[in-house]
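Residue numbers for the sequence shown follow the working numbering, beginning at 1 and rising by one.
Keep in mind that a hint or two might mislead.
As the list claims (entries may be wrong) - Think about it this way: if two alpha-carbon atoms lie no more than 27 Å apart in a straight line, the pair counts; the simulated DSSO-like pairs of lysine-lysine are:
{"id": "1", "residue 1": "Lys57", "residue 2": "Lys392"}
{"id": "2", "residue 1": "Lys319", "residue 2": "Lys366"}
{"id": "3", "residue 1": "Lys407", "residue 2": "Lys374"}
{"id": "4", "residue 1": "Lys366", "residue 2": "Lys445"}
{"id": "5", "residue 1": "Lys357", "residue 2": "Lys445"}
{"id": "6", "residue 1": "Lys230", "residue 2": "Lys307"}
{"id": "7", "residue 1": "Lys19", "residue 2": "Lys357"}
{"id": "8", "residue 1": "Lys319", "residue 2": "Lys230"}
{"id": "9", "residue 1": "Lys352", "residue 2": "Lys19"}
{"id": "10", "residue 1": "Lys391", "residue 2": "Lys57"}
{"id": "11", "residue 1": "Lys393", "residue 2": "Lys374"}
{"id": "12", "residue 1": "Lys393", "residue 2": "Lys357"}
{"id": "13", "residue 1": "Lys445", "residue 2": "Lys392"}
Since the hints were derived computationally from the structure, they do not count as laboratory data.
Remember, it's a predicted structure, so these values are computed and weren't measured experimentally.
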Amino acid sequence: MANQQIKNERMEAIVSLAKRRGFIYQGSDVYGGLSGTWDYGPLGVTLKRNIMQLWWKMFVDSRDDMYGVDAAILMNQKVWQASGHVDTFTDPLVEDMETKQRFRADHLLKDAGYSVDGLTLAEMTKLIQDNDVKSPNGNALSDVRTFNMMFTTTVGPVADDKSISYLRPETAQGIFTNFRNVVDAFYPDLPFGIAQQGKAFRNEISPRDFVFRSREFEQMEIEYFVHPEKWAESFEALLKDTHDFLTALGLPAENVHELEVPENDRAHYSKRTIDIEFDFPIGREELMGIAYRTDFDLSNIQRVAGKSMDYSVKGTNEKFIPHVIEPSFGVERALMAVLSSAYTEDEVNGDKRIVMKFPAHLAPVKYCVSPLLKNKPELVAKAREVYELLKKKHGNVMWDDNGNIGKRYRRQDEIGTPYCVVIDFDTIENDGLVSVRDRDTTEQKRISIEELIG
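Between the sequences and the hints, there should be enough to build the whole structure, so can you do that?
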């Protein structure tokens with residue numbers, strides 16, 4: 001119980017800092033908020049983009065077997081019918097019999113200490129009734145039923161069955177529908193992948209745990225197309241690449257765990273799935289997953305659309321529908337893992353300090369530049385010169401001349417700035433060197449402006 005309290009306090013501290021320092025705000029906060037939505041402030045949007053750019057660099061730009069796409073969010077309804085989302089993209093729902101509030105049945109049962117892996121709706125209902133599981137309000141619960149999580153909309157001026165569309169619940173189908181286009185345009189050798197980053201939407205019954213489970217989020221997904229007999233080697237290679245990416249995010253290896261998903265818990269199309277779990281402050285939860293989807297998706301497209309999804313091996317008569325390995329990452333879960341790993345409380349000269357120890361390549365602000373005193377024009381002018389040079393090279397550089405130097409350091413520690421650069425009287429009158437303070441060690445060293453810029 002004490003350990004759980006510490007975890008809750010840590011999560012509350014991270015959420016508080018995220019709002020106070022301009023990382024993440026509640027969506028529509030000025031109007032009372034909208035559950036399951038979050039807005040990213042100036043620092044949060046930069047951190048988020050840094051994570052996404054790192055992923056794109058490692059999985060796309062640095063490889064010659066990856067092709068990027070950016071598919072439309074709105075798609076023909078047949079996409080989601082063929083993929084099975086219209087019929088099966090559901091969560092188990094229960095209602096509070098008094099307030100009519102709705103909750104995830106599996107979440108309530110897990111919170112009450114029961115395992116729900118592999119249980120049917122009827123078995124969940126029986127478990128709730130036999131053990132008198134109540135809603136968070138203390139009231140009786142309804143029977144468990146399914147709830148489709150896709151947001152439904154209509155396209156065009158007439159609302160009828162033919163105009164129905166959905167806000168995509170995943171980015172993967174936009175990749176599969178473009179498989180033929182990429183093959184026809186580039187004719188890549190197998191194995192090759194198609195990658196996409198973008199928004200996805202799920203009408204979660206009970207979004208919770210900060211940005212971990214929300215109704216609007218971003219995904220980073222790859223569909224890696226392989227020869228049916230050679231999927232295992234590609235699976236292992238992509239699994240290693242995934243761990244390399246998580247290491248580059250600064251996630252401690254001891255907090256990252258592989259879960260080999262048993263057959264009865266895998267998606268019906270999957271022949272092997274590994275969930276990568278992470279020790280969040282909220283507990284050990286799924287961070288991302290990698291699945292062997294066989295030829296399920298391309299075969300569905302060929303069956304429903306009537307268009308060949310065959311791949312012809314160059315220089316041979318061999319032709320087949322490729323199988324697929326899918327590493328799927330949620331941006332917000334990655335960001336929450338980065339925030340959780342970076343958040344540190346320590347002491348400097350006997351004073352408590354909160355510091356976000358982001359890897360330097362992810363930090364939303366790379367450098368902060370300050371004059372020692374803001375009422376000395378010669379210091380301000382030189383500091384501005386250094387600021388402009390760093391800003392031109394790195395972009396995400398901050399100017400701060402508010403308060404004494406100690407308070408500036410504390411502010412920069414809280415937003416994770418790796419280096420604070422201070423221009424003092426020695427810079428102007430004696431050696432021309434600037435003082436650079438390291439965020440993690442708090443040590444300072446004096447270097448030349450040329451060395452700093454270089």
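Checked hints:
1. Lys57 - Lys392: Since the Cα atoms of lysine 57 and lysine 392 sit roughly 22 Å apart, the hinted pair holds (cutoff 27 Å).
2. Lys319 - Lys366: violated (51 Å)
3. Lys407 - Lys374: holds (14 Å)
4. Lys366 - Lys445: Status holds; Cα separation ~17 Å.
5. Lys357 - Lys445: Holds, at roughly 19 Å.
6. Lys230 - Lys307: Roughly 25 Å separates the two Cα atoms, so the pair holds.
7. Lys19 - Lys357: holds (18 Å)
8. Lys319 - Lys230: The given pair, whose Cα atoms are some 15 Å apart, holds under the 27 Å limit.
9. Lys352 - Lys19: Holds. Lysine 352 to lysine 19 sits at ~20 Å (cutoff 27 Å).
10. Lys391 - Lys57: The hint holds at about 22 Å.
11. Lys393 - Lys374: Distance ~24 Å between lysine 393 and lysine 374 Cα, so the pair holds.
12. Lys393 - Lys357: holds (22 Å)
13. Lys445 - Lys392: Satisfied, since the Cα-Cα distance of roughly 23 Å is no more than 27 Å.
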